[in-house]
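Peer 1: Taken in sequence, the protein lines are chains H and Z. Counting along the first sequence from 1, when you hit position 121 you're at 121 in my numbering, and nothing is skipped either side. Counting along the second sequence from 1, when you hit position 258 you're at 258 in my numbering, and nothing is skipped either side.
What the hints contain is simulated information worked out from the structure, not anything from laboratory work. Some clues are possibly wrong.
If chains are identical, the list can't say which one is meant, so a pair holds when it fits in one copy or spans any two.
For lysine to aspartate or glutamate, the following EDC-like pairs were computed, each having C-alpha atoms within a straight-line distance of at most 16 Å [to be verified]:
| # | residue 1 | residue 2 |
| --- | --- | --- |
| 1 | K62 | D293 |
| 2 | K336 | D3 |
| 3 | K336 | E184 |
| 4 | K336 | D218 |
| 5 | K158 | E101 |
| 6 | K336 | E101 |
| 7 | K336 | E352 |
| 8 | K158 | E80 |
| 9 | K158 | D175 |
| 10 | K158 | D93 |
| 11 | K97 | D293 |
| 12 | K299 | D202 |
Quantities reported herein were computed from a predicted structural model and do not represent experimental measurements.
There are 2 protein chains.
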Amino acid sequence: MSDILHTLEVQLPLPEVDRSYPIIIGRALLSDGAFWQSLIAGRGVILVTDDQVGPLYASTLKESLGGVSQLTEVVLSAGEARKDMASLETILDAALKDRHERGSLFVALGGGVVGDMTGFAASCFLRGADFIQVPTTLLAQVDSSVGGKTGINHAMGKNLIGAFHQPTQVVIDLDTLASLPEREFAAGLAEVIKYGLIRDADFFEWLLAQVGALTARDGDTLAYAIQRSCEIKASVVAEDEREGGVRAHLNFGHTFGHAIERLQGYGEWLHGEAVAAGMVIASQISVLRGTLDASIVEKLIAFNRAVGLPVEAPSSLSASDLLQAMSSDKKVSSGKIRYILLQGLGEAAVTEHVTTDDIVFALSA
Amino acid sequence: MSDILHTLEVQLPLPEVDRSYPIIIGRALLSDGAFWQSLIAGRGVILVTDDQVGPLYASTLKESLGGVSQLTEVVLSAGEARKDMASLETILDAALKDRHERGSLFVALGGGVVGDMTGFAASCFLRGADFIQVPTTLLAQVDSSVGGKTGINHAMGKNLIGAFHQPTQVVIDLDTLASLPEREFAAGLAEVIKYGLIRDADFFEWLLAQVGALTARDGDTLAYAIQRSCEIKASVVAEDEREGGVRAHLNFGHTFGHAIERLQGYGEWLHGEAVAAGMVIASQISVLRGTLDASIVEKLIAFNRAVGLPVEAPSSLSASDLLQAMSSDKKVSSGKIRYILLQGLGEAAVTEHVTTDDIVFALSA
Chain H
1 MSDILHTLEV
11 QLPLPEVDRS
21 YPIIIGRALL
31 SDGAFWQSLI
41 AGRGVILVTD
51 DQVGPLYAST
61 LKESLGGVSQ
71 LTEVVLSAGE
81 ARKDMASLET
91 ILDAALKDRH
101 ERGSLFVALG
111 GGVVGDMTGF
121 AASCFLRGAD
131 FIQVPTTLLA
141 QVDSSVGGKT
151 GINHAMGKNL
161 IGAFHQPTQV
171 VIDLDTLASL
181 PEREFAAGLA
191 EVIKYGLIRD
201 ADFFEWLLAQ
211 VGALTARDGD
221 TLAYAIQRSC
231 EIKASVVAED
241 EREGGVRAHL
251 NFGHTFGHAI
261 ERLQGYGEWL
271 HGEAVAAGMV
281 IASQISVLRG
291 TLDASIVEKL
301 IAFNRAVGLP
311 VEAPSSLSAS
321 DLLQAMSSDK
331 KVSSGKIRYI
341 LLQGLGEAAV
351 TEHVTTDDIV
361 FALSA
Chain Z
1 MSDILHTLEV
11 QLPLPEVDRS
21 YPIIIGRALL
31 SDGAFWQSLI
41 AGRGVILVTD
51 DQVGPLYAST
61 LKESLGGVSQ
71 LTEVVLSAGE
81 ARKDMASLET
91 ILDAALKDRH
101 ERGSLFVALG
111 GGVVGDMTGF
121 AASCFLRGAD
131 FIQVPTTLLA
141 QVDSSVGGKT
151 GINHAMGKNL
161 IGAFHQPTQV
171 VIDLDTLASL
181 PEREFAAGLA
191 EVIKYGLIRD
201 ADFFEWLLAQ
211 VGALTARDGD
221 TLAYAIQRSC
231 EIKASVVAED
241 EREGGVRAHL
251 NFGHTFGHAI
261 ERLQGYGEWL
271 HGEAVAAGMV
281 IASQISVLRG
291 TLDASIVEKL
301 IAFNRAVGLP
311 VEAPSSLSAS
321 DLLQAMSSDK
331 KVSSGKIRYI
341 LLQGLGEAAV
351 TEHVTTDDIV
361 FALSA
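Chain H extracted, bound-state conformation (with noise of 0.2 Å):
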């Protein structure tokens, strides 16, 4: 039997109001038929997954759709260096030709890479198909199934080529997590902390309090973190759609973290890991700037090292390094790099006036 714990709405702003969507949080829903029917709703399905997760779960997820009209199975590389033009095509050309209609639907399985290339490519099928997002990583779960943000990556930066595009729902299993490694689980803790430190002291609290059950993967303090996390974003969306304002609070961490995988190449460090040095580094300059109490970067500091994440940016790095990486991400707006920094736990803002000696100063601190 599933076990539905929670249904999250989420509410998007004018003028999507009319596309919210749900986030399904229980357990043994991928094996659940009867909820995939009334999903699919007699629709053609098009399942993209990976080479990782497809044996782990396509095989159940399929057996739920049992008779679909029609369906086609897309298995990718793994990985975030295969998030790409020719992934993209391979997703787009089994769907062409196996003659899917607008109608059909998209069914994401798997982490923030499946997810964002299946989406992607859901908004470009006869320019705009529905899609399902089933997160299978702690990461997509909390992060990439919310929002709305699609695409694939470039020679030239992560993301840079895109599409915002909603899915009709998102499906979270928590019973996927026992499968997941490690790193990988921490790396997702990265982004829920997160949302405690720029959205909300008492779950920044909470987590702390929390990170035994948490590592120890403990169902129901993992449902809870999850939906705190995926309300939090949720809000934050409804605010702000597309990152004209308060959405940029969501990037805490990740203007150095984006910098930080740049430079290490794509792959070495997990982008929650960077996110996790970096919301150090961006908790640090706060503290520098007297709107943080140093208290707080030494419980994240704290929480991170619990849970296996980074503290400080490879020590391979310098602070002209990061700059440099810095100025060309695609946030950067007239030239000038916007930094998330904290006002206070559970408080984000964006500055533009960070200067070298402040990174410099965190980086040594």
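Knowing the structure of chain H, use the given hints to seat chain Z on it.
Peer 2: Showing chain Z alone in chain H's frame:
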């Protein structure tokens, strides 16, 4: 001195009502530096054109762009056969390598192929940048520059990959029509007369009366023909941006036309030529079904002959060839082919009830 003859505001329906945009029709607009400076307003520009149109007009436009902060020029190989993923990547690579930001503007200088690809590139560049259409063919001016459809072709068919992405402005400089080859000019007139057939009986009769002035490319006559065509398309799109209902009427002649293009091989007949033949077939079926007076078909055939457009499908194609090709058209919904027929001059309607016998009759009429 440039001369703006008409500005038409394209209103979009909910949920995109805030994304309406003007179509500016005039003479000598490409060489009007002040006009372009006000449009660009200091932003970076990615100018996309092809190797037929570029040599004629790109240097004039670049001079008008003058001291634009950042200018990237992309010159594609001309032709429908190059409306593909490789060309899309050429545009995106150039924009990314020159480190354009989300605030840069794409400018599409050329026919429908350049416009569709540039619009699609803009839609997925950093998940969405603005673009200006500068259509230089009659077809692009009256058809592809209104409605927000962008995209590329795929081995399985035309326009199968793309996005709905509205331009911020459409700039129609009538002077560009002087250099248009005769066949392409006639192909544009096919779409012009279509608007009369499906929506405006008076416009249809006016076009018949003006056939001499049209083929002589008289400026004022063309200005009104383009303006009225854009008005009609814009009013249809405003009612139904994403093709759920009345927008399908714009496909009058296109179901047969696309089939002819596919069977002939793209590039053999121009799109407008195939549509011209398709409109005759659809009109003849309408006569057969008793909803259209036979005199209208005779007038349409006379118009096509006068301007140099086909009046029937290539004799090498059988009715079963056409049916086969149509059944794989992306507009097929749930396996049923939807035909647009005329309920009278100036009034179109959708039906799924066209038999093979109807088509055989129309082809032999």
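Peer 1: Between copies, within a copy, both or neither: which fits K158 and D93 at Cα up to 16 Å?
Peer 2: Answer is between: at 13 Å across copies they meet the 16 Å cutoff, but 23 Å inside does not.
Peer 1: With 16 Å as the alpha-carbon cut-off, assign the pair K336 and D3 to within, between, both or neither.
Peer 2: This pair counts as neither: shortest intra-copy Cα distance 48 Å, inter-copy 39 Å.
Peer 1: Are the CA atoms of K336 and E352 at most 16 Å apart within a copy, between copies, both, or neither?
Peer 2: Classified as within: same-chain Cα gap 6 Å, cross-chain 56 Å, threshold 16 Å.
Peer 1: When no copy is specified for K97 and D293, does a C-alpha distance of 16 Å or less occur within a copy, between copies, both, or neither?
Peer 2: neither (58 Å within a copy, 41 Å between copies)
Peer 1: Could you figure out if K62 and D293 sit no more than 16 Å apart (CA to CA) within one copy, between two copies, both or neither?
Peer 2: Classified as neither; 51 Å inside a copy, 54 Å across copies.
Peer 1: How would you classify K336 and D218 at a CA-CA limit of 16 Å: within, between, both, or neither?
Peer 2: So K336 and D218 fail the 16 Å test inside a copy (43 Å) and across (51 Å) alike.
Peer 1: How would you label the pair K336, E101 (within, between, both, or neither) given a Cα cut-off of 16 Å?
Peer 2: For K336 and E101, the Cα distance is within 16 Å only across copies (11 Å; inside one copy 44 Å).
Peer 1: Could you place K299 and D202 in one of the four classes (within, between, both, neither) given a Cα distance threshold of 16 Å?
Peer 2: For K299 and D202, only the intra-copy Cα distance (13 Å) is at most 16 Å; the inter-copy one is 76 Å.
Peer 1: Given identical chains, is K336 near E184, meaning Cα to Cα at most 16 Å, within a copy, between copies, both, or neither?
Peer 2: neither (32 Å within a copy, 46 Å between copies)
Peer 1: What label fits K158 with E80 when the C-alpha limit is 16 Å: within, between, both, or neither?
Peer 2: within (9 Å within a copy, 31 Å between copies)
Peer 1: Is it within a copy, between copies, both, or neither that the alpha carbon of K158 lies no farther than 16 Å from that of E101?
Peer 2: between (30 Å within a copy, 14 Å between copies)
Peer 1: First find the shortest C-alpha distance between K158 and D175 inside one copy, then the shortest across copies, and answer within, between, both or neither for a cut-off of 16 Å.
Peer 2: neither (29 Å within a copy, 42 Å between copies)
Checked against the numbered hints above, the structure violates hints 1, 2, 3, 4, 9, 11; every other hint is satisfied.
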